[in-house]
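All chains, please: the whole structure from these sequences, using the hints.
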Amino acid sequence: MAEKSFETTSQACCSTSSESSPILALPMDTPLRKVLSRISGFASSWGKKTVTAPRGRRIFHRDVEQDEFQNGSAHCLSSYYSVFVARLAIMVMLAILIGLLTVLTWHFTRVYTTKSLNTLAYGLRYELLQRPILRMWNVLNSTSEITTAQVKLSEYVIKRYSKPTNQAELIELYQMMKDITWALFASHKALNAITINYRNGFVQAFHRDHRSNNTFYIYSDLANYSISDTQSSQQGWNDQFIHGNESAIWYRQPLDPVTGEKQGKPSQIPPEDLINIAGPSQVPDGVASWHVAVSKYTDSPLLSAALPVRDASNRSIVAIVGVTTALYSVGQLMKELVEVHSGYIYLTSQEGYLLATSTNTPLLNNTANGPKLMMATNSEDRVIRMGAQWLQKTYGNKFPPGHVVHVEKANLGGQHYYIDSFFLNLKRLPMVGVIIIPRKYIMGKVDERALKTLVILISASVCILVIGCVCILILTNGVSKEMKLRAELISHLDARRRAEASSNYKSQFLANMSHELRTPMAAVIGLLDILICDDCLTNEQYAMVTQIRKCSTALLRLLNNILDLSKVESGKLVLEEAEFDLGRELEGLVDMFSVQCINHNVETVLDLSDDIPKVVRGDSARVVQVFANLISNSIKFTTSGHIILRGWCENPIVSSDSGKLSPDQKNPLSALKTKLKQHGNHMKKASKKDNKMILWFEVDDTGCGIDPSKWESVFESFEQADPSTTRTHGGTGLGLCIVRTLVNKMGGEIKVVKKNGQGTLMRLFLLLSTPADGIEQQRRIDFAKHGVAVILALHGSMGRLIMSKWLSKNGVPTLEASEWNELTQILHELFHARTTNSGFDTHYSLAKPLRSKVQTLQDMKNPVYIIVVDLGLLDLSTDIWKEQLNFLDKFSGQVKFAWMLNHDTSNAIKMELRRKGHILMVNKPLYKAKMLHILEAVVKESYVEPPNGSPNGTKGTSKQGDSHECLEIDSSQFETCSSDDSDISEMTGANSASSVGVGEQLKEGTVLKSGPPTLRNCLVEFTRLGLEVNNLRTEEDQCNGRPKLHDTKDVKCENPDSSEQPSVRSNAKDRDNSYTTNKAANEQKTLEGLRILLAEDTPVLQRVATIMLEKMGAVVVAVGDGVQAVEALNCDLDRDENRTNRLQTEICDSPPYDLILMDCQMPMMDGYEATKAIRKSEERTGWHIPIVALTAHAMSSDKEKCLQVGMDAYLTKPIDYKLMVSTILSLTKRSP
Amino acid sequence: MDLVQLQRQLVDYRTSLYHEGFLDEQFTQLQELQDENNPDFVVEVVSLYFEDSERLLNELSKALEQQIIDFKRIDAHVHQLKGSSSSIGAQRVQKLCIVFRNYCEAQNVEGCLKCLQQVKHEYSIVKTKLESMFQLERQILNAGGSVPV
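So the protein lines, in turn, are chains Y and L. Numbering-wise (full-length UniProt numbering), the first sequence opens with residue 1 and increments by one. Numbering-wise (full-length UniProt numbering), the second sequence opens with residue 1 and increments by one.
No lab work stands behind these hints, which were simulated from the structure alone. Heads up, some of the hints might be wrong.
Stated by the list, open to error - Quick list of simulated restraints, FRET-style, between CB atoms: (1) L:109 x Y:574: 37 to 43 angstroms; (2) Y:1089 x L:109: 48 to 54 angstroms; (3) L:38 x Y:1180: 35 to 41 angstroms; (4) Y:1180 x L:67: 46 to 52 angstroms; (5) Y:542 x L:11: 52 to 58 angstroms; (6) L:38 x Y:915: 45 to 51 angstroms; (7) L:16 x Y:509: 43 to 49 angstroms; (8) Y:1115 x L:109: 42 to 48 angstroms; (9) Y:520 x L:67: 55 to 61 angstroms; (10) Y:1175 x L:44: 30 to 36 angstroms; (11) Y:1179 x L:16: 52 to 58 angstroms; (12) L:36 x Y:542: 47 to 53 angstroms.
Said to hold, decoys possible - Sample of chain Y residues at the chain L side, in silico, Cβ under 8 angstroms: (13) 454; (14) 493; (15) 746; (16) 749; (17) 1099; (18) 1100.
Said to hold, decoys possible - 25 angstroms max Cα-Cα, derived DMTMM-like pairs, lysine to aspartate or glutamate: (19) L:127 x Y:172; (20) Y:265 x Y:172; (21) Y:1218 x L:75; (22) Y:178 x Y:155; (23) Y:910 x Y:879; (24) Y:1218 x L:40; (25) L:62 x Y:1121; (26) L:72 x Y:1166; (27) Y:1218 x L:2; (28) Y:755 x Y:822; (29) Y:393 x Y:381; (30) L:95 x Y:534; (31) Y:890 x Y:822; (32) L:120 x L:20; (33) Y:1111 x L:25; (34) Y:1111 x L:24.
Since the structure is predicted, the reported quantities are computational estimates derived from the model, not experimental observations. Think of the CB as a built atom: it goes at the ideal place given N, C-alpha and C, for glycine as much as any other residue.
This is the structure we're talking about:
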């Protein structure tokens, strides 16, 4: 049970880890599984013992794991477990490995050592055994030799004295025997005794006592023996012999050990064992008989050998010769041998009597009957005794054959000994040698060493194990950390993916939602506009509606922002690729914003460098949106100072910094020319390869600035530099975000740049392509050649500075004046000083540099002075301005005045100016294009005019029409540049309001037109009462050189800014009043003479529209579908063509219809198709008949579609009467 | 006496039509368009509307009876009806047409049929209302009075 749970746990653990970290699981999979199964095997054996205890804990762990898993954050825990298990497994394996290695090493070492040692020990023991055996042999041999020699000598002597007949002979024989025996005995010092036992029982013996170093001659009493007895039988000999031994009287006589001289009296002694040798019965066969004896003179056993001496006939034994040797030397040798090895050797007889030992213990037992031989088992030496006993016990009497025993481990009294025995098989004296060596001596070290080695090995293994474990711990720690990190990373990635997905959903949702919201919003605003135009509203209602409209606009703007943003984020934004005039767009933008800025006392300056290409390809609306957002942002935070929009082209060759003056100022013209040439060449080269170019822009303001820490974050959506901003300035924080996304989309970058001084400096670059062949040299009139000098009398210091720099760069000397007094001083200086003398100067306190400039101006020949005067310099609050004007008028012969008007300059002033002949009027702000235009106008004029022209030429010229100004107001641009609300519906709403105004305006215009015909060529100042002229733009007429051409081209205006609703209201009110008063008269005339083609399939609508149009005096041709419409047009076109062919001279400037109202949904051919067809057919003639769509789909996408196919405007059903009229008017009056 | 009453009745009736949402300002515009040159303009347009609408409603009924319903065609018809209704200011019909078109887009046959019934109903109401109004007007004119604006 426990096993199973553990296994599942481990598997779960494994699976979780593998699920959570697929990367990890790949290499870890199989080894980990193996390890786990092994561990589970271990655990099962272990778990059986501890079944009960860990169960709860495991379950708990499992629960925890499951919980964690459910929570989705089990990665760490599971990885921790798997790491722990792996760690444990590796450690166990290591432990086993090291243990095995240790044991094996130890075992083999020990076995080999033991084996070799055993071999050595065996050799040693063998050697040890061999030595005493050899010595024994030596002893035996020498004894046997001596015995043999004695025997031979005795035989010789006895042969000489064979058959002794008398006592004397016998005695002589004995004496002779005694002598030779002595000689032999003396020559062999090691001998203990030599005994000659005669047949008759006489005994002669020499005895040497080694302890006292005495030598004795022992003999028996001769008196008892007879010669005859020698001839007795064998039996008799034996008895006699024994008897003789018992009964004979023995004498002992000490001798000089060296000489053998008798030294004392012989003393009687009892029969002596010492010289007791084997009797003749024991040696019948002539082989030596061996006998072990004990003596009271020695404490070691004696070995005696006996040989028979035969008579000459070799028939009978005459005597027996015995030689006795002490075994003492053998014991000595044994002692010496064994002492080194601390072992023991002993020799025993076959019966077990000790003959020799390596110890000093006595070998003899002193009993009452004298010393007796001792049994080995009774030895006083403990080891020998125990060894003997052990042998006795082990083998008893049944010794293995040969008595050879090798025992390696005999336990004797708690100690181990080696016991080896050998058998010395002597004839009649078999002997057993036993060697006992303590095992400790040979193997003790080995055993000790083995133990030590084991201990050392084990400790070393433990050390290695511990180190290994630590290493594993460290290693796996790293791994587990990595695993944890990976798990975290994976979870983060997952979270990020989800977040991205949700963000994507969000933007998708926003995109959809805001689109859905926008449509009704557009409708709301459009309806509100209609409502505002309604005349039956009370003032209160009107105010409310206005307020609603304002709010709706704001809401719409917000929606648009969100839509833009989500469009970009979801990657749906596609940038247009169309050529547009970048300079003009930006100028329009600055014009628009300058109106706002004037209220804020902020100066808006446009500073574009000359090298910026005029025409670029890109999405003009988006580019303008970028700058509009930036500038409006700047305006929001700038309360005073200036906002500069700088632009230059990144070009390494041309030093295009507009702020810097060209280094070779002395010859600026040539420098400019070469520069331009270089520029042109470079551009041409560049354009061939890749005509993309980088345009840099800066928006520089003197507002409150942005904290450097927020420089990045301001571009995030809904991010504002200061949370309080929303309260004080409003806004949602989307503007800059849109800017950045758009800029990035255009391949550029935007960032906030550190700025000296107060305010913010945003720098961005855009990657815009220039038309492949569109790089034209900028046409420039050589102003320096004309001797033009400019006096800039402007309020805004920044604009003035930039303008004057630019002018002087282009070779036009300038003077600057910031206020009225300064201007008058300069004028005095210039003209009075010239006309009168220089003594006058003292009055004027002109600054030095200014004076020098004035001097240079005075040095010029026939300069044409242009004074650009800001109307703001005049004191408009009182009537002083008229005097000031008069003052300036005095100079009008010498100088040309160009007036900078404010957007709210009252009409009276304009009229006054015009009356005085100041026809050069431009609206603020002043930028290059306007300046160029002024300069060119003046230069052209001075060209046409003879140098000696009348001083009051200005008036004359204006009447002659030589100099004229064309102010073109192009509203179509402003659809895109009206800040960020590029919304269509709003535009239509605004259009509806404005175009009505235009209609009125046109009335005025026609009045003007119908008035003095001479005014046709004259400047038509666009002065719409009430409505701000905020977006007026002057545009230079390229064909200004020809005196006679267009006059007012198109007058159209709009009011996109909702902040000016009050004025709209008043305007609307005025207008509506006028409607109510002279409604009939006005209406009848509005569409007088217009030919309108109406394509509408619904009869009701057709009828209604027809009546509506006809009521206003238009001629309506109604057709039922698109095919008819195209046909109607084509047959007219054909007719026209025929007519043109017929009348070659007549200029065909009139299409058959002035306008087409086209229903979009029609049978046969719908409005879109029809429009396409018409536009196609128009290509032949070059006309452009305005086509107005009528559609019931009040959706902006429809409008886009309409405009796309070539329609000009868009009306929704049901037809709004006023809206229709205004739309028609705005379209038809464009082309006369 | 009668004339004044009739005139008041007409004005009341017309106002009620506006209030009840049968007509909207478009109808006012139509009336404004009527002048000496086109004295019967409103009646003319409205009768045009009746003709056209009846034709369209018939077509719609037929189209919806078909086995295979051509929703595109139905949509075009409803669109036309919507256009003409909005032109004369028959607000309710117009609104129903919008609903109708939504069903068309969704290709919901049941919804379409239901809507067609409703449209027919609304249309008949408008028709009777307008006709009775014109009758009142005619009565006034016959009585020698002028139709109040």
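Verification of the hints:
1. L:109 x Y:574: 37 to 43 angstroms: 39 angstroms, holds
2. Y:1089 x L:109: 48 to 54 angstroms: 52 angstroms, holds
3. L:38 x Y:1180: 35 to 41 angstroms: 38 angstroms, holds
4. Y:1180 x L:67: 46 to 52 angstroms: Because 48 angstroms falls inside the window, the suggested range holds.
5. Y:542 x L:11: 52 to 58 angstroms: 27 angstroms, violated
6. L:38 x Y:915: 45 to 51 angstroms: 49 angstroms, holds
7. L:16 x Y:509: 43 to 49 angstroms: With Cβ atoms ~45 angstroms apart, the hint holds.
8. Y:1115 x L:109: 42 to 48 angstroms: 46 angstroms, holds
9. Y:520 x L:67: 55 to 61 angstroms: 38 angstroms, violated
10. Y:1175 x L:44: 30 to 36 angstroms: 35 angstroms, holds
11. Y:1179 x L:16: 52 to 58 angstroms: With a Cβ separation near 55 angstroms, residue 1179 of chain Y and residue 16 of chain L satisfy 52 to 58 angstroms, so the hint holds.
12. L:36 x Y:542: 47 to 53 angstroms: The hinted range 47 to 53 angstroms is violated for residue 36 of chain L and residue 542 of chain Y, with Cβ atoms some 34 angstroms apart.
13. 454: 94 angstroms, violated
14. 493: Violated: closest Cβ of chain L sits about 42 angstroms from residue 493 of chain Y, beyond 8 angstroms.
15. 746: 38 angstroms, violated
16. 749: Given a least distance of 45 angstroms, the restraint on residue 749 of chain Y is violated.
17. 1099: 5 angstroms, holds
18. 1100: Holds: closest Cβ of chain L sits about 4 angstroms from residue 1100 of chain Y, inside 8 angstroms.
19. L:127 x Y:172: Distance ~201 angstroms between residue 127 of chain L and residue 172 of chain Y Cα, so the pair is violated.
20. Y:265 x Y:172: 21 angstroms, holds
21. Y:1218 x L:75: With a Cα-Cα distance of about 29 angstroms, the restraint between residue 1218 of chain Y and residue 75 of chain L is violated, given a limit of 25 angstroms.
22. Y:178 x Y:155: Cα-Cα ~13 angstroms, so holds.
23. Y:910 x Y:879: 14 angstroms, holds
24. Y:1218 x L:40: Holds - the C-alpha atoms of residue 40 of chain L and residue 1218 of chain Y are around 23 angstroms apart, at most 25 angstroms.
25. L:62 x Y:1121: 23 angstroms, holds
26. L:72 x Y:1166: 14 angstroms, holds
27. Y:1218 x L:2: Measuring from Cα to Cα gives roughly 38 angstroms; hence the hint is violated.
28. Y:755 x Y:822: Violated, because 32 angstroms separates the two Cα atoms, which is more than 25 angstroms.
29. Y:393 x Y:381: The hint holds at about 18 angstroms.
30. L:95 x Y:534: 24 angstroms, holds
31. Y:890 x Y:822: 17 angstroms, holds
32. L:120 x L:20: Between residue 120 of chain L and residue 20 of chain L the Cα gap is close to 18 angstroms, so the pair holds against 25 angstroms.
33. Y:1111 x L:25: At roughly 18 angstroms apart (the allowed maximum being 25 angstroms), residue 25 of chain L and residue 1111 of chain Y satisfy the hint.
34. Y:1111 x L:24: Answer holds: residue 1111 of chain Y to residue 24 of chain L is near 21 angstroms, not above 25 angstroms.
In summary, the structure is inconsistent with hints 5, 9, 12, 13, 14, 15, 16, 19, 21, 27, 28 from the numbered list given earlier, while agreeing with the others.
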